[in-house]
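For the record, the sequence lines run as chains B and A. Per the numbering used here, the first sequence starts with residue 74, numbered consecutively. Per the numbering used here, the second sequence starts with residue 4, numbered consecutively.
Keep in mind that the hints were calculated from the coordinates and are not lab data. If you're wondering where the values come from, they're calculated on a predicted model, not measured in any experiment. The C-beta atom is built at its ideal place from N, Cα and C for all residues, glycine as well. Heads up, some of the hints might be wrong.
Claimed, not checked - In silico contact screen, one side only, chain A against chain B (beta carbon under 10 Å); selected entries: (1) G29; (2) A33; (3) A34; (4) T44; (5) M50; (6) A54; (7) I141; (8) V146; (9) N149; (10) V157.
Unchecked claim - Derived SDA-like pairs (lysine to any residue); straight-line CA-CA distance at most 25 Å: (11) B:K396 - A:E130; (12) A:K80 - A:G136; (13) B:K139 - A:E130; (14) B:K197 - A:E130; (15) B:K197 - B:L367; (16) B:K394 - A:A54.
Residue strings, one per chain:
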Amino acid sequence: MGEVRGGCCPPMDLFRSEAMQLVQLIIPIESVHLTVSYLGDLGLLQFKDLNSEKSPFQRTYAAQIKKCGEMARKLRFFKEQMEKAGVSPSSKPVTRTDIDMDGLDLKLGELEAELVEMNANNDKLQRTYNELIEYKLVLLKAGEFFSSALSSATAQQREMESRQVGEESLDTPLLADQEISTDSSKQVKLGFLTGLVPKEKSLAFERIIFRATRGNVFIRRAAIEEPVIDPVSGEKTEKNVFVVFYSGERAKTKILKICEAFGANRYPFTEDLGKQNRMIDEVSGRVSELKTTLDSGILHRSNLLQTIGDQFVQWNSMVRKEKSIYHTLNMLSLDVTKKCLVAEGWSPVFASKQIQEALQRAAFDSNSQVGAIFQVLHTKESPPTYFRTNKFTTAFQEIVDAYGVAKYQEANPGVYTIVTFPFLFAVMFGDWGHGICLLLATLIYIIREKKLSGQKLGDITEMTFGGRYVILLMALFSIYTGLIYNEFFSVPFELFGSSAYACRDLSCRDATTEGLIKVGSTYPFGVDPVWHGTRSELPFLNSLKMKMSILLGVAQMNLGIILSYFNAVYFRNGLNIWFQFIPQMIFLNSLFGYLSLLIIVKWCTGSQADLYHVMIYMFLSPTDELGENQLFAGQKIAQQVLLLLALVSVPWMLLPKPLLLKKQHQDRHQGQSYTPLQITEESLQVEVNHDSHGHEEFEFSEVFVHQLIHTIEFVLGAVSNTASYLRLWALSLAHSELSSVFYEKVLLLAWGFNNVIILIVGIIIFIFATIGVLLVMETLSAFLHALRLHWVEFQNKFYEGDGYKFYPFSFALLSDEDD
Amino acid sequence: MYGFEALTFNIHGGYLEAIVRGHRSGLLTAADYNNLCQCETLDDIKMHLTATEYGPYLQNEPSPLHTTTIVEKCTLKLVDEYKHMLCQATEPLSIFLEYCTYGHMIDNVVLIVTGTLHERDVQELLEKCHPLGMFDSIATLAVAQNMRELYRLVLVDTPLAPYFSECITSEDLDDMNIEIMRNTLYKAYLEDFYRFCQKLGGATAEIMSDLLAFEADRRAVNITINSIGTELTRDDRRKLYSNFGLLYPYGHEELAVCEDLDQVRGVMEKYPPYQSIFSRLSYGESQLLDKAFYEEEVKRLCLSFEQQFHYAVFFAYMRLREQEIRNLMWISECVAQNQKSRVHDSVVFIF
């Protein structure tokens, strides 16, 4: 939404949501379609559903919606067909052929009929083709059986004969001989059936046949190597060729029934070898014949699909727009005269001119006699919240919205989140090496932004891509804090000049006992590299980071409370300033503000005072002398005053507000019942009436309990939230310790072996650990903690977050949400 | 009675219970039915249903559609959900889920056998079968001539085989035989299911035994009413009643000798849970009995969702969905035949 506005631009765009108005449009019925379409192009009006009590099919335009649904179904059918045929809808913009909806409907109908017919024809041909292919397979496979059976039979016979010719020995079984001879004499004619059965059913099939004929069958089967297309279903299936030999008519009918039940396709087959060969030739000839017919049919079909594909995108968007227009029209109420439709909806104030223009244009384009009427309604309803974000600010606003959409025009924490969020993240993720990795990763996204935004990405990729600018700032800030912490994959660098300290002598023997001496001026930026790896590194950094966390936390909480002041001023709520903002300010600052002050004083003066001691004994025994913990003169008096202020501010927060609210309510109630109606103030009176409706049930106990909870939450929260900011220190510590573990225990250890293979393995482990643990998991955890600090510690000071989002009727949004 | 299901149920059953409860919240509500009853054409019904969970199943149907299409698609949804749950289920639950479909299997067997007896086309019959009760060799049923063959050929492979032990005769199949076979099978099935649920123990056993007992009693009443005036002897009739349920055993003795509807009523009114059902019917009215039973069943099924950590919700959900499909079929039928005044005759509101 990068459009330029006139001079009316309010200076703080993102701080307060756009001023909204409830507008009413009265649109003559002949131009209503065009009007809504233009408004959809504009995308700045959220229609209210004026027919919510009606069910979908009772609404005015249900028939049109059905028609659109039907067209959408046809388009889905085309899409499916195109996908099957491998035709992709061309994305190139075609010359816009002017076709209206009725024309499109007709055209789609024709195309569908044509396509269905073509499919039917093709299917028929395909089916015959597949049957022939199957037949051919059966002929080949069954032919193999018969020929192999024949050869083995002749071999057997020959063997038998040779045996018979030979001397009859005693151990020749007499019976067998007899059997064979009777068999050959009787020559029972066995019937047989050949066909194909799906492989997975083949076992069951044989079992059933076996049972049905009581075992009086002989089944042979052969698997077909590659799957064949089933003529009936048209799907590729693995099949077996079978030959069943049976005797008797009853068995035949049974087997036929079973074949039918199993979907086994039977094919005629002759025993005669010559006939077989002739059949195979014939079938092959017909197959090739059919193939050419089929190919031409398929070509024809794909041509048709191609022509559909050329305009598919355009048609699809047209139908979708049309459907959404009718859905919107269904939300309008029909005027009693049935000549015009009445629409109500929210729009930003700045858009009224554009909306009016669109209305005029629509009236003109549809040759309407009368233009649409645009008027602003006054309402007590809370308007939707609308922030005009750009691609940079969107992600940050999303972070805030995930917690709760801002109440209409309340102070938006999103503005501060843009800076504070990446900063707090970086405090926990301070390492400029890791920061650079993160920066490179997100730069890839940003450089390929145009290309990637059009594509469909995976779940996680999409999320990181959406937050690319957040990650960019996070990376930049973590480079900055990394430089301050002087961490680069836990290696210290002397970037800003040399260290201020040096050993007392060359051997550096007493570095850990006596300490170092200061040789140069203080290291100009960040932590002196000499601290790295020393025994006192941790105590030093812990003290630094802990204090820094408290300073940052107190600063951010103060910002939150100050924002509540701005809210109170904006909504003209004096009570909130005097009985909420001021005591809260006093309470927080008299305790933790004072602590922050002590920290700064201690840093500046280099005092040895124990701040824990100071803070604890400020509560326990405020009258005691401070002794060596004194940081400045008059500290005792100051502490007593601050403690008193803090104690006073608690009842200050608790009591006056509910009492005053009760009084206000009573006053209003009285005023209402006793003020005589005056004609001049009628409209005002109505409004007051209106207003008091909202507050009709004033329950003092409820308000008081609410205030009590609020107060307790704030007082306890002041302590716990401050403590909560210590997570900045904890995570930062964890991050630097982890990275030093990976560096020292993996990389340096591997280096120490002086072996190339171990070194390579070590480097690989180091890289994966750095990426997996430090860059991915640590980023995630620092992100979540930063998120929490914003949602809970910062936003609970002022943010209501009970608004609802502005969701305009817009074609641009429509295309996104599909699929 | 109660084990420690709460402790371990969710290890295997938690996900699916969540799924089934999610499906349950997709059942049509009274408001939906009210809207559906106001529909003028089947397209209106389709339009309304596309706004519900049936949407994806109906939206690709070309416009002039039939009641059968609606019912078929709605059933398809149930089948898809069932298959999904069955895929995810582990041991005792998967068996439980399979048990839920045996009833349909029995119905399908009976349908095919009766159909072939009257020389209908097998393919046509197969289309009429409930998809939940399909098994591999179902089409082969048409081959069989008598019970023994039926059993030996086909059913020996199906889970129904054990139920058949009581009705293997070499008699040729006829309508009466088949009906007796159906009821014998059903009896054996219900008893087996009942035993299985008892074995599972815990809340499942408690709730399922209640639901199955109701089912058994309802079947007993139906058998009695349907066999009045046929040549079925008292002993035969007595044999068809399941050996559990509220009516077992004394109620069965009394039901077995009933000669008309009022006697049945006399028997049933002795049992408090059924008293309310019968007291709502005026004398001599048997059409509404079905609806009254359905309503009572739906009430009991809905109640089973009030407890957690048991399998009866799966049974209940499938039954409720089936009832919903029956409702939709009735509504669509009424709309299609312009009999809107009769819409409320047979619709059982679920919520």
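Okay, the hints, checked on the actual structure:
no. : hint            : verdict
1   : G29             : violated, 18 Å
2   : A33             : violated, 13 Å
3   : A34             : holds, 9 Å
4   : T44             : holds, 9 Å
5   : M50             : holds, 5 Å
6   : A54             : holds, 6 Å
7   : I141            : holds, 8 Å
8   : V146            : holds, 5 Å
9   : N149            : violated, 13 Å
10  : V157            : holds, 7 Å
11  : B:K396 - A:E130 : violated, 36 Å
12  : A:K80 - A:G136  : holds, 15 Å
13  : B:K139 - A:E130 : violated, 30 Å
14  : B:K197 - A:E130 : holds, 22 Å
15  : B:K197 - B:L367 : holds, 10 Å
16  : B:K394 - A:A54  : holds, 19 Å
The structure fails hints 1, 2, 9, 11 and 13 (numbered hints given earlier, in ascending order).
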